[in-house]
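Read top to bottom, the protein sequences are chains G and X. Residues 145 to 569 (our numbering) are what the first sequence spells out, left to right. Residues 713 to 959 (our numbering) are what the second sequence spells out, left to right.
A few of these clues could be false.
Between beta-carbon pairs, the in silico distance windows are [as the list claims (entries may be wrong)]:
no., chain 1, residue 1, chain 2, residue 2, range
1, X, Thr-727, G, Val-349, 51 to 61 Å
2, G, Val-349, X, Gly-801, 37 to 47 Å
3, G, Ala-346, X, Arg-795, 29 to 39 Å
4, X, Gly-816, G, Val-349, 18 to 28 Å
5, X, Gly-801, G, Ala-259, 52 to 62 Å
6, X, Val-777, G, Val-324, 55 to 65 Å
Simulated from the structure, these hints should not be mistaken for lab results. On a predicted model such as this, the values are computed, not experimentally measured, just so you know. No residue lacks a Cβ here, since even glycine has one placed at the ideal position from N, Cα and C.
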Amino acid sequence: MSALWLHLRASTARWGFLPLTALGVAVLFGRSRFWIGIWPETGAAAQVSAFFLGIFAAGFAAWIAATVEVRGLHEQAAAAAIRPLTIELTRFTATLAWLLAPYLVVAAIAFVITARAGLPPGVGAFLGYVVLGAVTVVFATAWGWLAGRLLAPLIAAVCAALSWFVVLSVLGDAGQLTVVSGPPWHEVRTGTIGLRLAAVVALAVAVSAIGWRAGRRAAFHRRIGAAVAALVGVIALHLATTVVTHRPPVAKPLCVHGAIEYCLWPEHAKYVPLIQALDRRVAALPLPLPLPERVVDYSLSGSQRWIDLYSSVELPGTFDPEFDISEGSRWGLARGVAAAIVKTVAAGCDPTKPDPAHRWDQLFAWLEWRLAGGGKPDYRTDAPQGLQTAWATGHRIAAEQSEHQQAAWAATLIAETKRRHCRAA
Amino acid sequence: MLFGRKLSQGYGRRTVFRGVDVDVGLGVTALLGPNGAGKTTLLRTLATVQPPRDGRLTVDGCDVVSEADARRARRRIGFLPQRFGFEPGMRVRDFVRYGAWLRGVPAGDWSEASRTALDRVGLADLAGQKMGRLSGGMRQRAAIAWAIVGEPPIVLLDEPTVGLDPQQRLRFRDIIAGLPDTTVLLSTHLIDDVDAICDRVIVMHDGAIRFAGATSALKALDDPAMPGHTPLERAYMGLLPAEERSR
Numbered sequence: 145m146s147a148l149w150l151h152l153r154a155s156t157a158r159w160g161f162l163p164l165t166a167l168g169v170a171v172l173f174g175r176s177r178f179w180i181g182i183w184p185e186t187g188a189a190a191q192v193s194a195f196f197l198g199i200f201a202a203g204f205a206a207w208i209a210a211t212v213e214v215r216g217l218h219e220q221a222a223a224a225a226i227r228p229l230t231i232e233l234t235r236f237t238a239t240l241a242w243l244l245a246p247y248l249v250v251a252a253i254a255f256v257i258t259a260r261a262g263l264p265p266g267v268g269a270f271l272g273y274v275v276l277g278a279v280t281v282v283f284a285t286a287w288g289w290l291a292g293r294l295l296a297p298l299i300a301a302v303c304a305a306l307s308w309f310v311v312l313s314v315l316g317d318a319g320q321l322t323v324v325s326g327p328p329w330h331e332v333r334t335g336t337i338g339l340r341l342a343a344v345v346a347l348a349v350a351v352s353a354i355g356w357r358a359g360r361r362a363a364f365h366r367r368i369g370a371a372v373a374a375l376v377g378v379i380a381l382h383l384a385t386t387v388v389t390h391r392p393p394v395a396k397p398l399c400v401h402g403a404i405e406y407c408l409w410p411e412h413a414k415y416v417p418l419i420q421a422l423d424r425r426v427a428a429l430p431l432p433l434p435l436p437e438r439v440v441d442y443s444l445s446g447s448q449r450w451i452d453l454y455s456s457v458e459l460p461g462t463f464d465p466e467f468d469i470s471e472g473s474r475w476g477l478a479r480g481v482a483a484a485i486v487k488t489v490a491a492g493c494d495p496t497k498p499d500p501a502h503r504w505d506q507l508f509a510w511l512e513w514r515l516a517g518g519g520k521p522d523y524r525t526d527a528p529q530g531l532q533t534a535w536a537t538g539h540r541i542a543a544e545q546s547e548h549q550q551a552a553w554a555a556t557l558i559a560e561t562k563r564r565h566c567r568a569a
Numbered sequence: 713m714l715f716g717r718k719l720s721q722g723y724g725r726r727t728v729f730r731g732v733d734v735d736v737g738l739g740v741t742a743l744l745g746p747n748g749a750g751k752t753t754l755l756r757t758l759a760t761v762q763p764p765r766d767g768r769l770t771v772d773g774c775d776v777v778s779e780a781d782a783r784r785a786r787r788r789i790g791f792l793p794q795r796f797g798f799e800p801g802m803r804v805r806d807f808v809r810y811g812a813w814l815r816g817v818p819a820g821d822w823s824e825a826s827r828t829a830l831d832r833v834g835l836a837d838l839a840g841q842k843m844g845r846l847s848g849g850m851r852q853r854a855a856i857a858w859a860i861v862g863e864p865p866i867v868l869l870d871e872p873t874v875g876l877d878p879q880q881r882l883r884f885r886d887i888i889a890g891l892p893d894t895t896v897l898l899s900t901h902l903i904d905d906v907d908a909i910c911d912r913v914i915v916m917h918d919g920a921i922r923f924a925g926a927t928s929a930l931k932a933l934d935d936p937a938m939p940g941h942t943p944l945e946r947a948y949m950g951l952l953p954a955e956e957r958s959r
């Protein structure tokens, strides 16, 4: 029996465990499922639930911190033989344990589900994202605790939850408080996450040290000042540090050999069957086409120098063409490979020469439809009308004409386009 | 056991008492006085909750000068404030164990200490009940168990019988009378309780001590001209100024 156990058994926060766990699980599975089988995406998907759970954690923590004085517990605590900080830290820890538990359950469920899909590499990134989410929940709980020290329970709970939502909205991107996905070309800086974790734990200690309003007013105000200073420090640390950066291409990607060589981030191992199916469709094209030697997963070619997570500079030189399979979309994969094939077919041609019929785009759309295996594209486009017409033509030919007719159409289109736009036919 | 010399106390600019001397020894001592006399403030000062502005406080032979001294002293004091707090969802036995933790009782002794305290107050059968579900009287008994858990040598109780029905008050008297080798100081308005269980009485009025001595000595001050139904009531009323008596 320990003091923490006593608090855990009596904490009001325990009532939040089941509903918050249900919320976290709903967020985990409600947003998407493509994360299953990819460790960094699994960690990021679990971490997204921290965004929502943090709002409730702030509210709950504020309520619990504020009820100490409403219930009169502070008078007995003031007469205690142990330090007030020990009492408050124990209360805070018990509250945090109940508020963090739903998040950890969500992370454990995500872990088990991806682990069942085999053991692809990248489990370290999973842990990095999960700790990032834990930092968010601890930060939210400390935020709420501070509000609870200043306001009455109901007002504190509402203000803490709403203000935390605002903080997340404002700092979410700039401070990388949370992320929305974890593609393999991103990497988490475990050292920075560790630093942030240490900072929010220090903030938790600072808000626990505030004590009670009913005590000496000057000391109370001094400790409030210290907690606010710690809070400002934690926010500044979030704004000054980057936890997710671009990852350089790996030396040994996962490559699938077929009509073309396809190289993937090793974390994308679950997409190998999708690649193999696409390669069978490449091999089954109704006419022989010059194919690229190799196509690679997004950001694996090394063609860009990343300035930050969202901006990059194209490097001079020749690089393998890329495809994007990050959300498991066969259409995304087909688009990338189709574009690479068209580029190979059109080698030596001037792509800037105007072509009102958009012939290369017709060929691209025809290839895209065939390589995706047909059906309705899983994306929407607001491309110019001429381009959309060309794509529709390519899709229609692939869907409606016989193999023989398609081969003849493609051969004619390629010959005609090369005659008009290329240096040598 | 508990000595205060020239104690002064107040809140902000308001002085509640100044230069008060208090001696509380083994047995049960009552702290009597009208509302606003300074009883609660004196109890909080003796419980080391509020450091005196001036004067010397000694608990169980040790001077209380610093916060560290106060924390050491609190290990020997069971203090029940007038308005005690609890988590409604906490079970009675955990509430008492929580009190043991706050008093610095080693964790290994909590179970035994809380069982003994709950036995004393007659709540052993309700140890698993949640605090929020207890009646007012039972809550008060749980609070007394909180104050006596770990058998502190000094117990300070601020108006512990407020809200208790006559039967519960009798039970309370038995509990207090049954505490062995303990210095008990209880603040109360109820002279019946003083007469029944207190060896000594301290009468306080307007921040000053008007009487401190044996209950029998106070009784001896009985003045039939004073209002009251018992010698102790009349003696107590005789210590108060005329304007206080007429309130």
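Evaluated hints:
Between Thr-727 (chain X) and Val-349 (chain G) the CB atoms are about 37 Å apart, so this pair departs from the stated range of 51 to 61 Å. In this structure the supplied range 37 to 47 Å is violated for Val-349 (chain G) paired with Gly-801 (chain X), their Cβ-Cβ distance being about 26 Å. For Ala-346 (chain G) and Arg-795 (chain X), the Cβ-Cβ distance of about 34 Å falls inside the hinted range of 29 to 39 Å, so the restraint holds. A C-beta distance of roughly 21 Å is found between Gly-816 (chain X) and Val-349 (chain G), which places it inside the suggested range of 18 to 28 Å.
Distance hint check: the CB atoms of Gly-801 (chain X) and Ala-259 (chain G) are about 36 Å apart, inconsistent with the given range 52 to 62 Å. About 58 Å separates the C-beta atoms of Val-777 (chain X) and Val-324 (chain G), a value consistent with the hinted range of 55 to 65 Å.
The structure fails hints 1, 2 and 5 (numbered hints given earlier, in ascending order).
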